[in-house]
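Undergrad: Spelled out, the chains give:
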Amino acid sequence: MKNKLNELREEFLAQLAQVQNNEHLRDLELKFLSRKGRLSEAMSGLKDLSGELRKEAGELANNIKNELQGKFNDMSSTLNSFVAKNNEADVTLPGASLPQGHLNPITLVQNELEDIFSSLGFMILDGPELESDYYNFTALNVPADHPARDMQDTFYVDYKNKDGQYDLLMRTQTSPVQIRAMQKYGAPLKALIPGRCFRNESTDARHEHTFYQVEGIVIGKDINFANLKSFLEIVGQKLFGPNTKLRMRPKFFPFVEPGNNGEYTCFLCQGQGCRVCKNTGWLEIVGAGLIHPDVLRAGGIDPEIYSGLAFGFGLNRLAMLKYNINDVRLFNSGDLKFLEQF
Amino acid sequence: MYISLNWLKDYVKIPSKIKPEDIATELTNHTVEVEGLVNSAAQFNNVVVGKVLEVSKHPNADRLRLTVVDVKKKKLNIVCGAPNVAAGQLVAVAMIGAVLPNGLEIKESLIRGEKSEGMICAEDELGLGKNHEGIMVLRDSAKIGESFAKYLKADDIILEIDNKSLSNRPDLLNHYGLARELAAIFSLALKPYEKMLDRKWKFLSDKENKLEVKVSALDACPRYMAVAVSNIEVKESPAWLKERLVAANQRPINNIVDLTNYVMFDCGQPMHAFDAAKIKKIVVRRADKGETIETLDEKERVLSSDDLVITDGHQAVAIAGVMGGHNSEINAETTGLVLESANFLAGSVRKTSQKLGLRTEASVRFEKALDPALTEQAMFRFLTLLKEICPKMEIVSALIDIDNTDKNKLTVDLDLDWLKNKIGQEIPREEVINILEKLGFTIEDQKSAVLKVAVPSWRATKDVSSKEDVAEEVLRLYGYNNIESRLPVFTMDLPEVNEERKIERKIKNILSLKNSLNEAYNYSFVGEDQLKKMNIDFFNYLKLANPLSGIQNLLRQSLAPGLASNIKANQFKSERFGFFEIGSAFFKNPGNIRKDETEGNFLPYQEKRLGLAVTGEEDNFGQLKSIIDSLFKNIFNQHTEAEFSIIDGTPGWADKYAIAKVLVFGQEIGIVGSLSQEVINNMNLKRGAALAELNFNKLVELVLGQPSFHFAEAPKYPPVMRDVAFVVENKILYNDLRREMSRFNPLIRSVELFDVYIGNKLEGGKKSLAFHLSYQSEDRTLTAGEVDKIQTDLVAHLAQKFEVRLRDF
Numbered sequence: 001m002k003n004k005l006n007e008l009r010e011e012f013l014a015q016l017a018q019v020q021n022n023e024h025l026r027d028l029e030l031k032f033l034s035r036k037g038r039l040s041e042a043m044s045g046l047k048d049l050s051g052e053l054r055k056e057a058g059e060l061a062n063n064i065k066n067e068l069q070g071k072f073n074d075m076s077s078t079l080n081s082f083v084a085k086n087n088e089a090d091v092t093l094p095g096a097s098l099p100q101g102h103l104n105p106i107t108l109v110q111n112e113l114e115d116i117f118s119s120l121g122f123m124i125l126d127g128p129e130l131e132s133d134y135y136n137f138t139a140l141n142v143p144a145d146h147p148a149r150d151m152q153d154t155f156y157v158d159y160k161n162k163d164g165q166y167d168l169l170m171r172t173q174t175s176p177v178q179i180r181a182m183q184k185y186g187a188p189l190k191a192l193i194p195g196r197c198f199r200n201e202s203t204d205a206r207h208e209h210t211f212y213q214v215e216g217i218v219i220g221k222d223i224n225f226a227n228l229k230s231f232l233e234i235v236g237q238k239l240f241g242p243n244t245k246l247r248m249r250p251k252f253f254p255f256v257e258p259g260n261n262g263e264y265t266c267f268l269c270q271g272q273g274c275r276v277c278k279n280t281g282w283l284e285i286v287g288a289g290l291i292h293p294d295v296l297r298a299g300g301i302d303p304e305i306y307s308g309l310a311f312g313f314g315l316n317r318l319a320m321l322k323y324n325i326n327d328v329r330l331f332n333s334g335d336l337k338f339l340e341q342f
Numbered sequence: 001m002y003i004s005l006n007w008l009k010d011y012v013k014i015p016s017k018i019k020p021e022d023i024a025t026e027l028t029n030h031t032v033e034v035e036g037l038v039n040s041a042a043q044f045n046n047v048v049v050g051k052v053l054e055v056s057k058h059p060n061a062d063r064l065r066l067t068v069v070d071v072k073k074k075k076l077n078i079v080c081g082a083p084n085v086a087a088g089q090l091v092a093v094a095m096i097g098a099v100l101p102n103g104l105e106i107k108e109s110l111i112r113g114e115k116s117e118g119m120i121c122a123e124d125e126l127g128l129g130k131n132h133e134g135i136m137v138l139r140d141s142a143k144i145g146e147s148f149a150k151y152l153k154a155d156d157i158i159l160e161i162d163n164k165s166l167s168n169r170p171d172l173l174n175h176y177g178l179a180r181e182l183a184a185i186f187s188l189a190l191k192p193y194e195k196m197l198d199r200k201w202k203f204l205s206d207k208e209n210k211l212e213v214k215v216s217a218l219d220a221c222p223r224y225m226a227v228a229v230s231n232i233e234v235k236e237s238p239a240w241l242k243e244r245l246v247a248a249n250q251r252p253i254n255n256i257v258d259l260t261n262y263v264m265f266d267c268g269q270p271m272h273a274f275d276a277a278k279i280k281k282i283v284v285r286r287a288d289k290g291e292t293i294e295t296l297d298e299k300e301r302v303l304s305s306d307d308l309v310i311t312d313g314h315q316a317v318a319i320a321g322v323m324g325g326h327n328s329e330i331n332a333e334t335t336g337l338v339l340e341s342a343n344f345l346a347g348s349v350r351k352t353s354q355k356l357g358l359r360t361e362a363s364v365r366f367e368k369a370l371d372p373a374l375t376e377q378a379m380f381r382f383l384t385l386l387k388e389i390c391p392k393m394e395i396v397s398a399l400i401d402i403d404n405t406d407k408n409k410l411t412v413d414l415d416l417d418w419l420k421n422k423i424g425q426e427i428p429r430e431e432v433i434n435i436l437e438k439l440g441f442t443i444e445d446q447k448s449a450v451l452k453v454a455v456p457s458w459r460a461t462k463d464v465s466s467k468e469d470v471a472e473e474v475l476r477l478y479g480y481n482n483i484e485s486r487l488p489v490f491t492m493d494l495p496e497v498n499e500e501r502k503i504e505r506k507i508k509n510i511l512s513l514k515n516s517l518n519e520a521y522n523y524s525f526v527g528e529d530q531l532k533k534m535n536i537d538f539f540n541y542l543k544l545a546n547p548l549s550g551i552q553n554l555l556r557q558s559l560a561p562g563l564a565s566n567i568k569a570n571q572f573k574s575e576r577f578g579f580f581e582i583g584s585a586f587f588k589n590p591g592n593i594r595k596d597e598t599e600g601n602f603l604p605y606q607e608k609r610l611g612l613a614v615t616g617e618e619d620n621f622g623q624l625k626s627i628i629d630s631l632f633k634n635i636f637n638q639h640t641e642a643e644f645s646i647i648d649g650t651p652g653w654a655d656k657y658a659i660a661k662v663l664v665f666g667q668e669i670g671i672v673g674s675l676s677q678e679v680i681n682n683m684n685l686k687r688g689a690a691l692a693e694l695n696f697n698k699l700v701e702l703v704l705g706q707p708s709f710h711f712a713e714a715p716k717y718p719p720v721m722r723d724v725a726f727v728v729e730n731k732i733l734y735n736d737l738r739r740e741m742s743r744f745n746p747l748i749r750s751v752e753l754f755d756v757y758i759g760n761k762l763e764g765g766k767k768s769l770a771f772h773l774s775y776q777s778e779d780r781t782l783t784a785g786e787v788d789k790i791q792t793d794l795v796a797h798l799a800q801k802f803e804v805r806l807r808d809f
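From first to last, the protein sequence lines are chains A and B.
The numbering of the first sequence is the working numbering, which starts it at 1 and goes up by one.
The numbering of the second sequence is the working numbering, which starts it at 1 and goes up by one.
Just so you know, not all the hints are guaranteed correct.
[As the list claims (entries may be wrong)] BS3-like, lysine-lysine: derived pairs with alpha carbons at most 27 Å apart:
1. A:221 with B:73
2. A:160 with B:200
3. B:789 with A:162
4. A:278 with B:73
5. B:568 with A:337
6. B:200 with B:281
7. B:73 with B:150
8. A:245 with B:19
9. B:661 with A:184
10. A:36 with B:789
11. A:238 with B:506
12. B:506 with B:625
13. B:625 with B:588
14. B:698 with B:588
15. B:420 with A:245
Calculated from the structure, these hints are not laboratory results.
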């Protein structure tokens, strides 16, 4: 038995030394080491031995098996090593390139904002993109003949109501969700509303008919202008860094009173003036104000008890500033050369 | 809107320490955005007065002339194309380096082979009008070589105001209104408008009056004033008037038209002058349906019964508040005028102007709701100036004033404690009162806790009606930037988490980071042509009433067309790639989102979808199935499997042999399929692609409905693995075979397909499926014999049920 095992060992090692390629190696494995190979076959004879002999032979068999398997493995890795395949290996060669996927930059910026405001205790809310005239305009203090509707050229859906009027539209702003949120949750309320909006305007490098907004509302007792200002400062600092300063000036939006624009010191030049801020040192980013009492009422909230602040900005513009993107149409282009950079 | 600083100075004395830049900044900080400051002289840099010395033919072009122009320092050779150029003329010469108001930069050039060292300018090139019929010939008093700015006396500063920021301020679309703001901001004295008016006129008594005016649509015309004048001479406006209009970016026409425009830019009230010879009577009424009028721009306009018109008792002579009629227009022969200064209802003017697509300086003002008190001021201002321009003019009618406006003053209660709470800091009482009074508000009892604030007529039409509006007035003049910011104090509460958004983000990360897909944001709009190419029926699609183009006029009901376009758009940029999109689809039937205040009114159904697409794989269909399976394992748990089953109806875009329903937990959730060859051809695709579309809302529901996941300890007893390969008819489905195997015996732990073979080793119509089977018990080690027995029975069972046989090669 012992002799047989030793012979097997010699024979295997001799043949292993001759091996040239993986195919030979595979044959050798089948012949000696596999479940039905010669080593197994030899070892199956162990059961016919008895007592001490069996123990001794068994030990030897195991040692030989381990040794042969080890030598086999060494040969296998030698054969398959880089050096074996390439006589002079270049260790600086890269690995195979794996395919990469990419998120749209709007998603990246939106995620960032959602995280900031979630940490401040805001709910993140959605609403329908196909809206009614009521929620998009009327409830937001923009009655039928109000010139404020001039500011928003609206895509109407070709579907007339009982009075023969178009009253379905592609929302021009995320603000209808303000009303829906007030109706659903009441006050107090802190919510961030990101989403897709539409304006009927021809597209060029600076205009898109489909774009993305984010707006925030805070409703509570005694929410005041000083609070609004403070919120806008925080928004600026979170978005553009801790030294960002805010400048406010009046601006008319029908759903707030008072209404204002907020400009932040340009994050690129720190307010020194550069190409991006058109040498003003300021970037116009945010529209804001205290929520108009009529809007609170439309949301079912008593403006004599509660007050609210609202602010909003364009995600496209933020992403364009952040990544230095010069054409707003790229976001919806589905162009791999664009997406692959994010 | 263009505002002239010189014009503003008629009403406020601006101390020299206040620079134009300060005015722009402070107006922006407190009132409206000033978008630009233009020095009227600076725009004429390098433009000088020159004298044409010689004019000769251009050797190579019939229409061009060669001129020599004396600009004092030198004599320039200039090629000129104007027909009216002649020797001896004094002209405006743009020398090399000039950048004209229309953006043209003057360089030395060769024009048809002849050197040209500048340009002789026409009016439009200098921004002085629209005239391009010939070069502008200057007055004889012009001095050769002097700067053109000096000739024009252009020492003005023009403020460019953003019209959009004025949409709520009808009182600011004129110089006096902005002067009032400036006076308030800088605490300067404002000249009362009354001082500009001569009120000593001899109007005819009612008895003598022959001008009949009737307003039969009082609801749309709250006030109508008219006066007839005679002994008018229509001619070119005097220089001061033309200058002012040019500063306001208006083209001078003749003295009468210019004067109506002047008054409008001065105080904000649009006026109209009819030729008195052409109308004897005025009736303001609604138009008849289909009534037509030829407007001043010589276009015929068809009216409806909503539109308000001015008529002579028979036919329309003007569209109220929008534009005058050609039939009553004044011309060089006109000697008498009927002057109109009226107040028309904002909504009515707006509707008409929108419907006709005719926005004019007048309609823009009326539709913002003008102060009815203005009609009277404007009328007297006009007459005052008319007397200057036409000294012989005579009044030949009564001062007609049909006034139905509410004369009650609007008063708002302003509680100073409320104001303090609203702002978040106290503004002293005197400061509040001071600010409001500077803006024209009046407060009778200045000591009371609640101030009774009377709103001036020019702010009371719409703009200021509540205490919030008054608060804004106080705040904006006090200065937004003078308020100290302070964070609100909140009680702690946990906001409701938007689970859908969390899952959405997770899905996006899995698909991009793990499955290497790219996130597309496609438009919500699709076009008929695009859908036709995809063989998609769109009879039931919602349409846009006013699409930007016919290419995108329908609301999408599927993300597939967008994704197919993404594949096409990138097919030459890359070979192997994929996209995904999460977006809404829109349907005609009502959904469950409230539409308005009426109970039971719902918006059209909108469903969020997850769309997927891959191309360039050896097996796109299979690859996409793998991605879906991987997605499910990651959003549900690692034991979840995507199932695919036969679909009843093939969507138009799909290959009918490679389209399947997608299921998870036995629930249908979407479809996956390959593009059919026909669609590939229609779209000119270079390679095939597979698309999938899942109901995102349902996916979210399923994720949220899953019990929370628990780790399962590895079984104590080892599994026994067996491989088995069957040959079956093609029509036998993997799903059925596998389901049968899985439930054949509880000891069969898993059944995993590892090979599918269809080929020439098999007879036609057959396939081979090979599986790894894992047998395992929770309470003992299985013996080989036990496993062999089950497997033998299994094979026999399948042979009987599906006519499978074991693969023997």
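Undergrad: Take the hints in turn and mark each one as holding or not.
TA: Status of the hints after comparison with the structure:
1. For the hint linking residue 221 (chain A) to residue 73 (chain B), the alpha-carbon distance of about 74 Å lies beyond 27 Å, and the restraint is violated.
2. Straight-line distance between C-alpha atoms of residue 160 (chain A) and residue 200 (chain B) comes to about 56 Å, which puts the hinted pair past the 27 Å bound.
3. This hinted pair does not check out: residue 789 (chain B) and residue 162 (chain A) have alpha carbons roughly 73 Å apart, beyond 27 Å.
4. Of the pairs offered as hints, the one joining residue 278 (chain A) and residue 73 (chain B) is violated, with about 38 Å between alpha carbons and a cut-off of 27 Å exceeded.
5. Proposed proximity of residue 568 (chain B) and residue 337 (chain A) is supported: the alpha carbons are some 14 Å apart, at most 27 Å.
6. The suggested pairing of residue 200 (chain B) with residue 281 (chain B) holds, with an alpha-carbon distance near 25 Å, which does not exceed 27 Å.
7. Restraint check: the Cα-Cα separation between residue 73 (chain B) and residue 150 (chain B) comes to about 17 Å, which is no more than 27 Å; the hinted pair holds.
8. Between residue 245 (chain A) and residue 19 (chain B) the CA atoms are separated by roughly 25 Å; this keeps the pair inside 27 Å, and the hint holds.
9. Taking the CA atoms of residue 661 (chain B) and residue 184 (chain A), the gap is near 36 Å; set against the 27 Å cutoff, the hint is violated.
10. Between residue 36 (chain A) and residue 789 (chain B), the direct Cα distance comes to roughly 23 Å. Compliance with the 27 Å bound is thereby established for this hinted pair.
11. The suggested pairing of residue 238 (chain A) with residue 506 (chain B) holds, with an alpha-carbon distance near 24 Å, which does not exceed 27 Å.
12. A C-alpha spacing of about 19 Å is found between residue 506 (chain B) and residue 625 (chain B), which places the hinted pair at or below 27 Å, so the restraint holds.
13. At roughly 31 Å between alpha-carbon atoms, residue 625 (chain B) and residue 588 (chain B) are farther apart than 27 Å, so this suggested pair is violated.
14. In summary, the hint linking residue 698 (chain B) to residue 588 (chain B) is supported, as the alpha carbons are separated by about 20 Å, within the 27 Å threshold.
15. Between residue 420 (chain B) and residue 245 (chain A), the direct Cα distance comes to roughly 25 Å. Compliance with the 27 Å bound is thereby established for this hinted pair.
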